[in-house]
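*Asks:* This is what each chain is made of:
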Amino acid sequence: MANVKDEHLLAHEAHKHGDASMHHHHSHAMSSHHAHGHHLLQVEDLCVSFSMYDPDETHFFRARKKDVSVISDLSISVHAGEIMAIVGASGSGKSLLADSVLGLYEPNAIVSGTIWFDGVRQDAASLAQLRGREIAFVPQSVANLDPLMKVGRQVRGVARDAADAERRAERQRALFEHYGLAPEVEDMYPFELSGGMARRVLLASALVESPRLIVADEPTPGLDLDLAVRALDDLRAFADAGGGVLLITHDIELALRVADRIAVFKDGTVIEETAVESFDDPSQLRHPFSRELWRALPGNGFSVSEEAIG
Amino acid sequence: MSIRGAGRNFVVRYALEQIVRFVALMFAVSFVVFALVSASPIDPVQMNVGQAAYMTMSEAKRAQLAQYWGVGTPLLERYANWLASVLQGDWGTSLRFNAPVMEVLGNRAANSLALLGIAWVASGVLGLLLGVVAGVNRDRWPDRLVKGYCFVLAATPTFWLGLVALMVFSVWLGWFPLGFSVPLGKSAADVTLLDTASHIVLPAIVLSFVGVANIALHTREKLVDILESDYVKFARARGLSTWQIVRRHGMRNLLLPAMTLQFASISEIFGGSVLVEQVFSYPGLGQAAITAGLGGDAPLLAGIAVVSAMLVFGGNLTANILYGVVDPRIRRGQMRERAGRPRIAREARDSARVEEALVPMPAMVGTGAGQVPSAGALPSVRRSVAQTSSAVRESLQLGTLLHAPRRRGANRVATFAKFVVAAILLVFVVIAGMALSDMATTTDFSLKSLAPCLAHPFGTDWMGRDMLARTLSGLSTSVVLGLVAACVSSVIAVILGAAAALCGPKVDAVISWLIDLMMGVPHIVLLVLISYALGKGFWGVAVGVAITHWPNLARVVRAEILQCKQSDFVMAARRMGKSSAYIAIHHMVPFVLPQFVVGLVLMFPHAILHEASITFLGFGLPPEMPAIGVILSESMGYLTTGMWWLAVFPGIALVAAVMLFDAAGESLRKLIDPHTSQE
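Just so you know, the sequences run in chain order A and B. The opening residue of the first sequence carries number 1021 in the numbering used here; numbering runs sequentially from there. The opening residue of the second sequence carries number 16 in the numbering used here; numbering runs sequentially from there.
These are calculated hints, taken from the structure and not from any lab test. Every residue, glycine too, gets a C-beta built ideally from N, C-alpha and C. All the given hints hold, so there is nothing to weed out.
Residues from chain B shown here face chain A by an in silico Cβ test under 7 Å; the list is partial: (1) Phe-249; (2) Arg-267; (3) Asn-268; (4) Arg-344.
Generate the whole structure from the sequences, applying the supplied hints.
*Replies:* Next up, the structure:
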């Protein structure tokens, strides 16, 4: 595995990483490394809540507005060179984490916490500067493409000037070639793409700007495990080349196959952040829910043990 | 079959289909005109020569005139004669203008098309711009401003706006001539371009103002949808700013529906032009239609109805073709459909159609009209904007708070309160109007032509009648009439809409054709005809409004039921062995009901405005009745005398009543619609 050694590695990097030992509340994978001595992305104590009518109040007019918390005290780190998978149930609010990292907030959201990118502390405005440039997003489906714009133009994005437009066009063509998309795909409209083509087009859109971190939100909907793993080869290659990937998924098996580290998301927070290898042996897992998750995997008995209950 | 060959085949078939539809529509429209004119109890001879002349006329002369006006000739014979000569290129002779119909139409159409063209383009461009500004700034002040403007405008009768414009700009300020298309007494050769321009400006402005509301509100709604779409979310995630997104994705997705709507709105603008031409004495098609309608001039009416139906048909056809040519999902999909990939294209087209059918009525305004702070809200919500932003600043310095909520929209209780207040006010108007109906007709010449004062807040007219009493009484008549007509209309809409969706393709085809026919002729023209056929008066208006207002709601009901019928939850219920009755009651009714209730409530203002318009034109309520239309029509005669209160106050009262209905409908929609009830 390409563990690109950085000249500026700090001392602790040299001896602590590569094994599965604890550090910054999490254990590391073989490929994880701290370029320039810090995490590529670090999120601490993130809280997201929404000001809305109390959904539990059945009486229509008696309902009060209240702050409904969706994410609370969530901390997570992504290193350069790794795929970090956030695994949690569908509809549990994982996607809000992606929005928070990208600085995209719903009007009625209340978001607090600290986010560092490449060692620099960010606020909403600076995150807005980073998104699309340093931090790219890979969405779920073809619905994320403008139905009335040709695919090539969409991938190229908005150019600053003629030279930039030329650079983007070249990059788009190179990416299409790299991902096995025929040149005529450029002139297609989104509704003409197959599922596989759409996925590669979306990834190409993310890569046009040469980002350092990719946030991918359920990028393989509806694919079976083997196909999904293969579909994520491209993200793997991006990580191996030194980028960071934050993969959001509900599929623990998929995460175990492609990711380097896994964060278990439950009840609006990350309960455990650990290397994939920890799932080889349940004793490496600290949180009872993670161990339960382990036992629920095929080949581990599909069972719920007394330990988990107790 | 090659893809290209399939495409050409499709074009040929489409063209043939459209030609058949067009011919059928023209036959139907002209026949309906003759049928309605023949059915009318009004004797055109008496009507046109006047009572006194008629009494002194010899029997032979009467018979001759009766033949001239087609009295006593059976409908079918009369229509067949007309049709035979039309097919030979002779459109007959206008009985009122005593000239060939083609000649009258030609002169008038040139005037009208200039007016319509200017207003159509201006309202389209301005409406699109305002809609974009409002949509981008959703729920902030520019949005509120635009929405408020559209809200008021949608509630304003075109003819009243024309009256006020005439009063202010022509009578008071003297900037523009007082009506007509050229200076009076000037020979045609001496008329300069400047003369023509100065006569067309004011009516064109008034007409464009009316068209703006519709397109602006739709553009706003559409843009709000677009800005919430997944692809815009992705564009944001790629770092595009809001304005970049509007330029790159907004316009692209907005322009097509906006242009479709604008082409489809030709009918409405034509209807508006009838009223504007009447107010400005502008010699166009609309004014000719009124003259012909008042005099029972069937050949001219038929000619005008056919021309207006042609305009409307042309607009709709252009919109359809535009969709096919511009929207790649249809343009490219059509080819694929032929080549064996049917689903996508058909879905795209269907969704386009459903979207078209679901286009809300013009008076419908988007979400969040008022912003009343709620009494019992949590402290965090009650924070004012200033406090919030200072909190944000503070937290950003601390580096913990990344985003604070922006409050928008009114809360449930306030929305409900708005509905109740609007409803109570309307009931009050109706009761007060009924109570004051005696006072409204009391004349007292010692109090004539008083300007507004404490005793008579709205002033008095030339017969010393109190204008406040007359206004309230007129409003009450209008509201009751509008309610009755809209309710009848909605019953028709539900029956026909449900039948179209549920009773198989044949029934659907017939009803859809009927809807096309009703929508193919401008409302006002149809109203004039129906009202004339029923001998004018109360029933003429009531039936006319009831018959003309159902198509829009019927289309919505049909589209909703179809959507429901094809939905997964109904499919699932069917597979689970539920009976049709069970599905209808438990799935379809709850699905369609909100749209229907709101459609009904929003139909009231339309019905009221149309009643006022038709009465104003002289086809509606009789002059003895203190209807708003009558009051405003009479005030026309006092335009130059400085008695401004005769036109201003009743008009404002009408606008206010219509806006109350709008407010009631809008707040009801917000509460019923699950998409907005959480806001």
